[in-house]
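There are 4 protein chains.
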Amino acid sequence: MLARRQLRVTIWNEYVHERREPSVQTDLPDRRSASHLMLARRQLRVTIWNEYVHERREPSVQAIYPDGMHAPIAEGIRRELGDAVTVRIATLEEPEHGLTEAALAETDVLTWWGHAAHDQVADEVVERVHARVLDGMGIVVLHSGHYSKIFKRVMGTSCSLRWRSEEGGEREVIWTVNPAHPIAAGVPQPIVVAHDEMYGEYFDIPPPDELVFISSYEGGEVFRSGCCFYRGAGRLAYFSPGDQEFPVYHQPEIQRVIANCVAWCGGASQPNDGPSAREGNSKRNWYL
Amino acid sequence: MLARRQLRVTIWNEYVHERREPSVQTDLPDRRSASHLMLARRQLRVTIWNEYVHERREPSVQAIYPDGMHAPIAEGIRRELGDAVTVRIATLEEPEHGLTEAALAETDVLTWWGHAAHDQVADEVVERVHARVLDGMGIVVLHSGHYSKIFKRVMGTSCSLRWRSEEGGEREVIWTVNPAHPIAAGVPQPIVVAHDEMYGEYFDIPPPDELVFISSYEGGEVFRSGCCFYRGAGRLAYFSPGDQEFPVYHQPEIQRVIANCVAWCGGASQPNDGPSAREGNSKRNWYL
Amino acid sequence: MLARRQLRVTIWNEYVHERREPSVQTDLPDRRSASHLMLARRQLRVTIWNEYVHERREPSVQAIYPDGMHAPIAEGIRRELGDAVTVRIATLEEPEHGLTEAALAETDVLTWWGHAAHDQVADEVVERVHARVLDGMGIVVLHSGHYSKIFKRVMGTSCSLRWRSEEGGEREVIWTVNPAHPIAAGVPQPIVVAHDEMYGEYFDIPPPDELVFISSYEGGEVFRSGCCFYRGAGRLAYFSPGDQEFPVYHQPEIQRVIANCVAWCGGASQPNDGPSAREGNSKRNWYL
Amino acid sequence: MLARRQLRVTIWNEYVHERREPSVQTDLPDRRSASHLMLARRQLRVTIWNEYVHERREPSVQAIYPDGMHAPIAEGIRRELGDAVTVRIATLEEPEHGLTEAALAETDVLTWWGHAAHDQVADEVVERVHARVLDGMGIVVLHSGHYSKIFKRVMGTSCSLRWRSEEGGEREVIWTVNPAHPIAAGVPQPIVVAHDEMYGEYFDIPPPDELVFISSYEGGEVFRSGCCFYRGAGRLAYFSPGDQEFPVYHQPEIQRVIANCVAWCGGASQPNDGPSAREGNSKRNWYL
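Top to bottom, those sequences are chains A, B, C and D.
Note that the numbering used here numbers the first sequence so that position 94 is 94, with each residue one more than the last.
Note that the numbering used here numbers the second sequence so that position 125 is 125, with each residue one more than the last.
Note that the numbering used here numbers the third sequence so that position 62 is 62, with each residue one more than the last.
Note that the numbering used here numbers the fourth sequence so that position 86 is 86, with each residue one more than the last.
Honestly, the hints are just simulated from the structure, not real lab data.
You can trust all of the hints, since none of them are fake.
When chains are identical, the list treats them as one kind, so a pair holds in a single copy or across two.
With a cut-off of at most 25 Å between alpha-carbon atoms, the simulated DMTMM-like pairs for lysine to aspartate or glutamate come out as follows:
(1) K149 / E106
(2) K283 / E170
(3) K149 / E279
(4) K149 / D209
(5) K283 / E167
(6) K283 / E166
(7) K152 / D135
(8) K152 / E279
(9) K283 / E218
(10) K152 / E94
(11) K149 / E127
(12) K149 / D135
(13) K152 / E93
(14) K149 / D123
(15) K149 / E55
(16) K149 / E94
(17) K152 / E101
(18) K152 / E124
(19) K149 / D119
Computed from a predicted structure; not experimentally measured.
Model the full structure from these sequences, guided by the hints.
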C-alpha cells in the first residue's frame with residue numbers, strides 16, 4: 001500500500017509540476033466556445049442570400065414583399081439578435097452571386113432562399129459554399145431552398161417532397177417536438193401560419209440529427225419542417241414555412257425561428273481538427 | 001389572375017394590420033434563448049455534487065485531492081466560465097445530499113461524481129433530480145457516475161462497461177469525432193491523459209444523441225467517452241475520464257471539457273411546452 | 001522493395017496457415033443473424049400481453065373487441081407472419097401477469113397493451129421484463145402503453161403527451177417518413193384510420209433512434225406515431241394508433257404494421273457482448 | 001351512454017363490413033418485407049465492384065490477392081449467405097465499369113472497393129449508382145472507398161481521415177458498440193486484425209445513423225470503422241478494415257462482417273412512397 005501511495009504522490013507531483021508550467025495552459029487552442037463568443041459579444045456575421053427573382057417580376061409577390069423577401073428576413077434577425085449580429089444581403093444577380101471567397105470568409109452564417117432560379121447558381125459557387133460549410137460556416141436553408149444545389153449537395157439525397165399551392169393557401173400548424181431546443185426558443189406551441197403552401201412527406205433527406213418542428217396542414221399532410229444537421233465543422237438548419245405567395249416572412253414567430261436558426265448555426269465552436277491536419281502519413285505517436 | 005392578386009393583397013393587408021398590433025409581438029413567450037441568456041450575462045447556476053467519500057478515507061486519494069475532487073472541478077469551471085457562472089458545492093452527507101427542492105430549483109446545471117456510495121443516495125432525491133432534468137436542468141455525469149442511480153434512471157439501461165484499474169493506470173487518448181461541438185472547444189486533438197483507469201466497450205447506454213469523444217487505452221480498448229443526450233427539456237452530458245486514484249481532474253484540458261459540458265448542458269432554452277400543458281382532454285382547436 | 005514483398009508473403013503465409021485451421025472457423029460465435037434465422041425458419045416466439053380490463057367491464061369496448069384486443073392483434077400477426085411465428089397470449093390477471101421468468105425466457109418479442117391498470121403491474125415483473133429487453137428480447141408498445149411502467153422505465157422520461165377522446169373520434173392520417181423501413185412494409189402512404197383517439201405532441205420520449213411514422217389528426221395535431229429504439233441487446237418499437245373505443249386493431253393495415261414491428265423487434269442478432277463478459281477487472285490483453 | 005354505445009356499434013358494423021371486402025385486403029401494396037423476402041427465399045442479387053488495379057500491377061498485392069480482392073470478398077459472402085444470394089463481379093475496366101442501367105436494375109446490394117483509380121470512375125456512372133441507392137439498392141463501401149466519388153456523393157462531406165501505412169502495418173482491434181446489431185452477428189468481441197493500415201479520426205462523415213464498430217490501433221488512434229446510414233429508400237454500410245497490402249479480406253471474421261453488411265443493406269423493404277408519387281401539385285384529399 002505504501003508503494004502504491006508513493007507512486008501516486010510521484011505521479012501527482014510530476015503532474016502538478018507539469019501543469020504549473022504556463023506553456024501547458026497556453027498550449028490550449030483557441031478558447032472560443034459559443035459561450036465565450038457570446039460573452040465577448042463577438043458578432044455573428046450573417047449573409048442573407050435571396051435569388052430575388054419572384055419579387056421583381058410577379059406583382060402578386062411584389063405586393064407582399066416590395067423590398068424582397070430578404071427585407072423581412074433581415075428585419076427579424078436584427079430585431080431578435082440585435083447587437084449580436086451584423087447582417088449583409090447578397091443576391092443572385094451580383095457578381096459570383098455576392099458569394100465570393102472573400103465574402104464567404106467573412107460570413108459565419110448564411111441564409112438561403114431560392115426557387116425559380118436554382119439552375120442559375122454557378123456550380124463553382126456551390127462548391128465554394130459547400131467547402132465553407134464543412135469548414136465551419138452555418139447555413140439556414142428556407143422553404144423552396146430544399147431543391148437548391150447547395151442543399152442537395154450537403155444532404156446527398158434527392159430532397160424531393162409533396163406540395164400543394166392553392167389559391168389562398170391553407171393553414172399550417174407548426175409543432176415543436178423538442179421544446180427546449182434553441183431554435184424553438186420564444187415561440188408558442190404550436191405556431192399557426194394562417195396561409196401557406198403545403199409541403200408534405202415523404203421528404204427525401206437523411207434522418208435529421210435533431211428534429212425540432214413537425215407541421216400539419218388543413219389537407220392532413222405532415223412535414224418535418226424544422227431539421228438540424230451537423231456536417232464537418234459546420235451546421236445546417238432547414239426551416240420550411242414561407243413562400244413567395246404568402247406573407248409568412250412578415251410573421252414575428254417565423255422571424256424568431258429564423259433568427260434562432262441563425263444563432264444555432266453560429267453556435268459551432270472553432271474546430272479542433274481541420275482537413276490540413278489530416279493530410280499525409282501520420283507518424284506513429286505524432287501526438288505525444 | 002386579377003382575382004388572385006386581389007386575394008393576395010387582401011390577405012396581406014389583413015396580415016399587416018394584425019401584426020402591427022402590439023399584442024401580437026408581446027404575445028411571444030419568454031424570449032430567453034441561449035444567445036439571449038449569454039448576451040444578458042444571466043449567470044448559469046452550477047451545483048457540483050460529489051459523494052466525497054474516497055477523499056476522506058483513503059490516503060492515496062487524499063494525496064491527490066486533499067480538498068476533494070470537487071475542488072479542482074470547481075476551479076476549472078470558474079476559470080473557464082468566469083462570470084458566466086455561479087458555483088455551489090453539495091455532498092452526500094448533507095441533509096438530502098444538499099439537493100433539496102429549493103437547491104435544485106436554483107440549479108441550472110448539476111455535475112455528478114459518485115462511486116463508493118451510489119446506494120446511499122436516497123431514491124427520493126434521485127426522483128427529484130430526474131424530474132428537474134426533464135424540466136430543463138442540465139446534468140454532467142462524470143466517470144464512475146455511470147453506475148449512479150440517476151444516470152441509470154435517465155438512460156433506462158444497465159450502464160455496465162468493462163474496466164481495468166492497474167497500478168499506475170495507463171495512457172488514455174481522447175479523440176474528438178465532432179470537432180466543432182461545443183464540448184470539444186478549446187482542447188487539443190487528441191487530449192492525452194498520462195495515467196487513468198481503463199473504461200472499455202461495450203458501454204450499455206442508449207445510442208448517444210451526439211457522440212463527441214472516443215478514447216483509446218494502452219491495452220487497446222476503446223470507449224465512447226463524451227456523449228450528449230436530450231431528455232425532456234433537459235440535457236445530459238457524460239464524460240468518462242477521471243478517477244479518484246489519478247490526478248485527472250487537475251489536468252487543464254479535462255477541466256476545460258467539463259466546463260464545456262456545463263455550458264452545453266446550460267444551453268437548453270426555456271421550453272415552449274411543459275407537462276402542465278399536456279394534462280386533460282385537449283379540446284379541438286384549443287390553439288386557435 | 002524486395003524486403004517489403006518478402007514480409008508480405010510471410011505475413012500472408014502465416015495468415016493462410018492460420019485461417020485454414022478449422023478451429024478458426026469454428027471459433028466464430030453463434031452464427032445466427034436475422035437472415036440466418038429466417039432462412040432456417042426458426043420461429044419467433046411472440047407473447048401478446050393485454051391488461052384485458054376494458055373489454056370485460058365496458059359494453060362499448062366489448063362490442064368492438066368481444067374476445068379482447070389481443071384477439072385481432074394475434075390474428076394480424078398470425079396472418080402476416082404465418083409460420084415464422086408462434087403466438088401466445090398473457091394477461092394481467094394471470095399469476096405474475098403471465099410473465100414468469102420461464103415465460104420471458106421463451107419469448108423473443110413481447111407486445112404490450114395497457115391503460116386502466118398500469119399501476120397493478122408488479123414492479124418485480126417490470127424489472128424482469130426490462131432486464132429481458134436489455135438481454136435481447138424485443139418489445140412492441142402499443143397506444144396507451146406509453147404510460148406503462150415498462151415503457152417509462154426503458155425510456156427514462158415522463159412519456160406524457162396531449163390527447164383528446166371525442167365521441168366518434170377523429171380521422172388519423174399516418175404518414176411514413178422512412179419509406180423503406182421494415183415496419184412500413186406493405187402499407188399504403190398514408191394509412192388512414194377513420195376514427196381514433198387523438199395523441200399529440202409534445203410526446204416526452206428520447207429522440208427516437210429511427211422515426212418511421214408521423215400522424216396528423218382532424219384537429220391539426222401531429223404525433224410521432226411509429227418510433228424505434230435500440231436498448232442494450234434488445235429493440236423497442238412504439239406504435240400509437242389504437243384505442244379500446246375504436247375498432248383500430250381490426251384494420252388490416254394497422255395489423256400489418258404491428259406484425260412488422262414484431263418482425264423488426266425480432267431482428268436483433270445474438271449479441272456478441274453480454275453483461276457477464278463485463279464483470280471484474282479486465283486484464284490487459286485479455287482478448288489476444 | 002346508450003347513444004355512445006350505438007355509435008360505436010354503428011362504426012364497428014360499418015367498419016367490419018368494409019374490411020370484409022376483398023378489395024381492402026388486396027389494396028395493400030406489395031407485401032414484401034425483409035422477413036417475407038427471406039421466408040420466400042428470394043435471393044439477394046449482389047454485385048461486387050472492385051477497381052482491380054493494385055492487384056494487377058503491384059507484385060506485393062498480387063501475392064496476397066492473386067485473383068483480386070473481389071475473390072475473397074465473394075468467397076466470404078457465398079460462404080456466409082449461401083443460397084440467400086447470387087454474386088456477380090464487376091470491375092472498372094469493363095464498359096460502363098460493369099454498372100450499366102440493366103446491371104444496376106438487377107442488383108440489390110453493391111459492394112465497392114476502390115483506391116488508386118477513383119478519378120477514373122465516370123461521373124455518369126456515379127450518378128446512376130447514386131440514384132439506384134436512393135431508389136432502394138444497398139451499398140457496402142469498403143476501406144479506401146471512403147474517398148470514392150459515390151461515397152462522397154452520398155455523404156455530402158469531404159470524407160477525409162488520418163492514415164498511416166507502415167511496413168508490416170499495425171494491429172487493429174475492432175470493438176462492437178451495438179452488440180446485437182445484425183452487422184456484428186457471429187463475430188467475436190473484439191475482432192483482432194493482426195496487420196492493417198491505420199485509419200484515424202477525425203473522419204469527416206455525417207453522424208452515422210447507427211454506429212456499430214470502433215477500431216483502435218497500436219499507435220493509439222481510434223476510428224468509427226462500422227457505420228450504417230439510411231438514405232432515401234436505400235441503405236449504406238461503411239466498413240473500414242482491409243487494405244491491398246494486407247490479407248485482411250482473407251480473415252473469416254472480416255468476411256463475416258462484410259456478408260452481414262450485405263444482408264443488412266439488403267434488408268430495406270419495398271418503399272411505400274417513391275419519387276413518382278411526389279410529382280406535381282397534390283390535390284387536397286388525394287389520399288381519401
